[in-house]
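**Q** Chains as they are written, first to last, in the working numbering: chain L, 427 to 1130; chain Z, 427 to 1130.
Think of the hints as simulated: they come from the structure by calculation, not from any bench. Hints are supplied without guarantee of correctness; some may be wrong.
If several chains are the same, the list does not tell them apart, and a pair holds so long as it fits within one copy or across any two.
[To be verified] Cut-off 27 Å, straight-line C-alpha distance, at most; resulting in silico cross-link-like pairs (BS3-like, lysine-lysine): (1) Lys770 - Lys654; (2) Lys921 - Lys534; (3) Lys893 - Lys1005; (4) Lys467 - Lys665; (5) Lys1037 - Lys649; (6) Lys754 - Lys1124; (7) Lys894 - Lys1006.
Number of protein chains: 2
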Amino acid sequence: MRKTIALLALCSAAASARADEGMWTYNGFPKAQVERKYGVKIDDAWLDHVRLSSARLAQGCSASFVSPNGLVLTNHHCVEDCLQDLSSARKDFIAEGFHAKTGVEEVKCPVLEVNQLVEITDVTARVQKATAGLEGQKFGDALKAETGRIETACQTSPALRCNVVTLFHGGRYDLYRYRRYQDVRMVFAPEFAIAFFGGDPDNFMFPRFSLDMALLRVYDDGKPLQNKDFLAWNPAGPKEGDVVFVSGHPGGTDRQLTMAELEYQRDVSLPERIAAFSELRGAVTQFQSRGAEQKRLSNSLLFGVENSLKVYKGRREAMVDRAFYGQKVASEEAFRKKLAADPKNGPVALRAFAAIQEATDLHRNVRADVTFIAGTPGRMGEYWSMWSSPAFLTDYFPIARALVRGADERTLPDSRRLPEFAEASLPELTQHLFSTAPIDPEFETFKLTWSLTRMREVLGPDHPFTKKVLGNDSPGEVARRLVSGTRLGDLSVRKQLWEGGKAAVDASQDPMIAFARAVDPDSRAVRKMYEDEIESVVHKGSEAIAQARFAVEGASGYPDATFTLRLSFGTVQGWTEGKKVVPPFTTLGGAFARHTGREPFALPRSWLEAKPRLALDTKFNLVATTDIIGGNSGSPMVDRDGRIVGLVFDGNIWSLAGNYGFDAKLNRTVAVDTAAMTHVLDKIYGAERILGELLPGKKPQAAR
Amino acid sequence: MRKTIALLALCSAAASARADEGMWTYNGFPKAQVERKYGVKIDDAWLDHVRLSSARLAQGCSASFVSPNGLVLTNHHCVEDCLQDLSSARKDFIAEGFHAKTGVEEVKCPVLEVNQLVEITDVTARVQKATAGLEGQKFGDALKAETGRIETACQTSPALRCNVVTLFHGGRYDLYRYRRYQDVRMVFAPEFAIAFFGGDPDNFMFPRFSLDMALLRVYDDGKPLQNKDFLAWNPAGPKEGDVVFVSGHPGGTDRQLTMAELEYQRDVSLPERIAAFSELRGAVTQFQSRGAEQKRLSNSLLFGVENSLKVYKGRREAMVDRAFYGQKVASEEAFRKKLAADPKNGPVALRAFAAIQEATDLHRNVRADVTFIAGTPGRMGEYWSMWSSPAFLTDYFPIARALVRGADERTLPDSRRLPEFAEASLPELTQHLFSTAPIDPEFETFKLTWSLTRMREVLGPDHPFTKKVLGNDSPGEVARRLVSGTRLGDLSVRKQLWEGGKAAVDASQDPMIAFARAVDPDSRAVRKMYEDEIESVVHKGSEAIAQARFAVEGASGYPDATFTLRLSFGTVQGWTEGKKVVPPFTTLGGAFARHTGREPFALPRSWLEAKPRLALDTKFNLVATTDIIGGNSGSPMVDRDGRIVGLVFDGNIWSLAGNYGFDAKLNRTVAVDTAAMTHVLDKIYGAERILGELLPGKKPQAAR
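Could you put together the complete structure from these sequences and hints?
**A** Structural data, given as structure tokens:
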């Protein structure tokens, strides 16, 4: 899987754990269950060490520290934006790979933030007290104000990042305190052709043959970070049947949503996203045919779109599976029956079900306005995605909006600002705002034209917002005018507008600034309606249902994923599909067998040349029963001794249904074996400096 | 609406009629009901006259005779393929329009067939006797053999066309005998900019401002046809509240499908088609940006795709409407309850429901193979659509397959051939096969590359068929090789291969012929599986359910649409949507108010120049409560006196749900008023010759 460019789910849920199911919080890990099932004793020291060795890429991936000098392992597809930002028409680090043979060659990524989870504090009582008895807008406002206060108090320095995390749909609130690192440099990335060997056809498939790895280095105060906790490198990789753990940041699951919300996904959001992304895929594919440079510029978008498409299609497939969906329906019905028979917990929870249904129906009716006028800039991790404004699909728009809206918001006291403009959020906001990543006018015009056309289609040509945006012009004319006229590509212009504040922004005649200014009142109004009448209602209802569930069924499960650190366990194990038995390992030799010489099945030249030097029976990719989801990309797979044995980069096709439930028979994590990484760093890439750091004092041996 | 490029539904259904609901057969028209409701007496002479004045375009539209000299009125979008076929890079009849000021300027359309329904005969007893007691493959074979025998016996000349039509899901079989005309010439078409004013954004919308008209002339033996029956032209158009009738060929409705089949549409076929068409739309839009000639070549495909997308989205919207779908579920449940209580009719019908569910589930599992390996060349009207082979989206492929498969089939006795190669089908088959329409290699390569890529995605890169088709090559390489190598663009090559028969085809080294030869065994095998195990089972089951419905509920309704001639009735009437009242007429002046100067809201120069001469309050488009669906495009709207008052070209957005049921409050037919056609033919197009033919002896007056 590639890093999710979709929305992260806002809510999580209690669930009872079966088999190797579960994305467990570190403060709720079922140590006894693991010992009972596998005879493996996990103690608090083990947990602390693995937690502190784990890392989150704030833009949406997982990672781990693998040396005491700040070396971080993650997936190639997690650093593709950085490679793109560093590339130009003359040097394409995505196609050719990147290899810093010395420390000075390590180059800073314009936008990359590494987080290390240092502390978890339960703040449930405080949050629930602040919202007690409130409804709708008042509930939402109180919730935002209280979590804002907690986060601001916690975040005593820009080097920290504090988030109040909603767990179990509001059944629990924990404060997660991270060490934040923004100086992150590129160390190593292989060629795209092997990092994503098999391309979209093989994505979410197994057997698989991908070296989806990259190495970064965290710098602190201009020097490589000296970190105590890191995962020792096990160059042998795991064996079939070995117990393994995955420590990472699953982005979101929907396992405990109400049927009203799942029906909305099945009938509205999934099919509509699939249609929109399919159209964009068709358009980008043809944009690529304009030339090599256009292809280079748009590759990352294309792969993101194709990845999301496969995810959404897999989810939709699960939702329209009569048996799977039927189970969900039956399970909610059974719970509602219990509630109906429970005069203490029942009435509130049953009213909450009804309120969520009503809010979801309202959402169905206003979804076009919410999507195209408000967008989702308020969502965690969404602000800088161009998808936060699907009507204005250009890198310029979030910049313009940050300047326009930021100018207004920064005149307000901290507690009254939109969350993404609170003081605590500014380090992340400004890192993006002042990114040196290049922006290409032709590509931006293409994207903006497409998205304006789609906005006109969905809102309709007679919608007042469409008329405001387009006037009498065509989408292409508006896009060309905005893109060719704006000077926001110039970093100094952005800095001057940010520092000049409201006076500077109000005086600006930049067409993109003027455009963002013109649409901002509409956008804010629809966002407020959405937050007050839909989001708050669903949040409050979900909280009530979660509390009733705790009361009726007990609080023994794990919460739905929320892009916070989780630990999963399982074993290295293939699976059986009808008569087909899928073994757990592939080998380097398998990649050569699959090589056709044509994209996406073309191995890079470095591999073809190195073939005689390779031990072709070296294990390459592997599958395990650990429970993961999008956002886990880059997670370390560790053995019982806490050593890294694999690098998670994907799930199999059955893992896509994992958004709604875990099927231990079929759902598999896909990882790169450390044996393969060790061998190819040595034999293909001659990465002696890196190997010396991963395996101090050892000359690597081919491990099979 | 534009002419459907989707599959025509194979089955129809009984339904009880309410309000102005109903697409009535001419031999089942509810004369008494119309007289009761509207006081309008329709007699058999009226019906015979309107039937014989109605026409079908075999490629998927409706039309009518409007003069005694073979003049035929239909929609611009129904003749767009012809205009495209007649155009070239130097002369674009779609953009510029077409106007034959004299008879000699009337130019033959390469592929256009007009049918006039001359006789209907009930053959139910004969067909049902032939299939009595048979199941699965034997049922399907017997059905095909018997209908084939009936058609062959009926079709005593190539100038006739005979089809056994399945009505009421097999509750009734009628033999429809048509007069067939293949010499059809272009007389008049306005500029695309006004024919499709508002483009995709306004498609299926109202208020509307489109002159979606075209005039053809049927020639017989090289001279204009002399026909007794034609519709007199009423230049005043209808008034609000007038009773009107629509006589045309609705392509297909699914109002009486089982819930198993509707669920399959909701969950599988509609969302998957929407995704595929969305992707193609994105790709074609970008293909258009390559240049003016590429835009010209691909416009027709783009508009067809966009039209289908809007249809499918509207249908899906209806299917995921909780109330609408719930009604469907409740109605089937009520019928099943009646069946369960009916020992005579119940058991067979309930077993049929189960059999259809099973066949539909099987279809779900094998749908990728059915779509990409078999395609749908066996479906009526589908053979020459490039969509009959979604894996090989190029005009060359149906040609190659017709030659390869035809060479084999024509060695067999008529009764054992695939239906599309029976002697009775050859006039239509060869008209397409020997069409002079130009084929552009760049456009074909683009389409074929896209569809091969999609085939690889859906079947998977490891599917044996994918490997057979692509080998080690990329989709683009295969497409370029086939398109650049084939000589099938040369009409004489096609003729020589067709006439040379099996020996010539076997000896051919044309790469497209070789390709069609290679995939034909796979394609035939999957088609046979589909026909024997799915189609036949559904057909037999539907027949059993229809018979039980007749027995239990009586046979008073109208059958589901089947692209056969139907008559609908209703009144000219707007509608109310919440607080919004939509009046039934627009005016020519409204088009000028909507003119922005930018596509698709840019009026053609001829209109802008003529504006001072126009009576701007002339009625332009109108809506009525008549029950229509895709395929009705081009239908005449006639008044109680049998005079033409409008030209049906669309339905409103609510008409899309009409596939599943008729909502008299919202569902509206959209037509061009004869008042507007008369006025603009005079004032803008100076079409004196045509007006003289429509209104002999009169000088047209502006009618408002």
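**Q** Using 27 Å as the alpha carbon limit, work out where lysine 893 and lysine 1005 are close: within a copy, between copies, both or neither.
**A** Classified as between; 22 Å across copies, 58 Å inside a copy.
**Q** Is it within, between, both or neither when you check lysine 467 against lysine 665 at 27 Å Cα-Cα?
**A** Only inside one copy: lysine 467 and lysine 665 sit 19 Å apart there, 86 Å across copies, limit 27 Å.
**Q** Given identical chains, is lysine 894 near lysine 1006, meaning Cα to Cα at most 27 Å, within a copy, between copies, both, or neither?
**A** So lysine 894 and lysine 1006 pass the 27 Å test across copies only (22 Å; inside, 57 Å).
**Q** Evaluate lysine 921 and lysine 534 at a C-alpha cut-off of 27 Å and name the case that applies: within, between, both or neither.
**A** within (20 Å within a copy, 66 Å between copies)
**Q** Is it within, between, both or neither when you check lysine 1037 against lysine 649 at 27 Å Cα-Cα?
**A** neither (37 Å within a copy, 75 Å between copies)
**Q** Up to 27 Å between alpha-carbons, please classify lysine 770 paired with lysine 654: within, between, both or neither.
**A** Close neither inside one copy (50 Å) nor across copies (82 Å); limit 27 Å.
**Q** Checking an output row: lysine 754 and lysine 1124, CA cutoff 27 Å. Within, between, both or neither?
**A** The answer is neither: 52 Å in one copy and 71 Å across copies each exceed 27 Å.
Of the hints listed earlier, those the structure fails to meet are numbers 1, 5, 6, in rising order.
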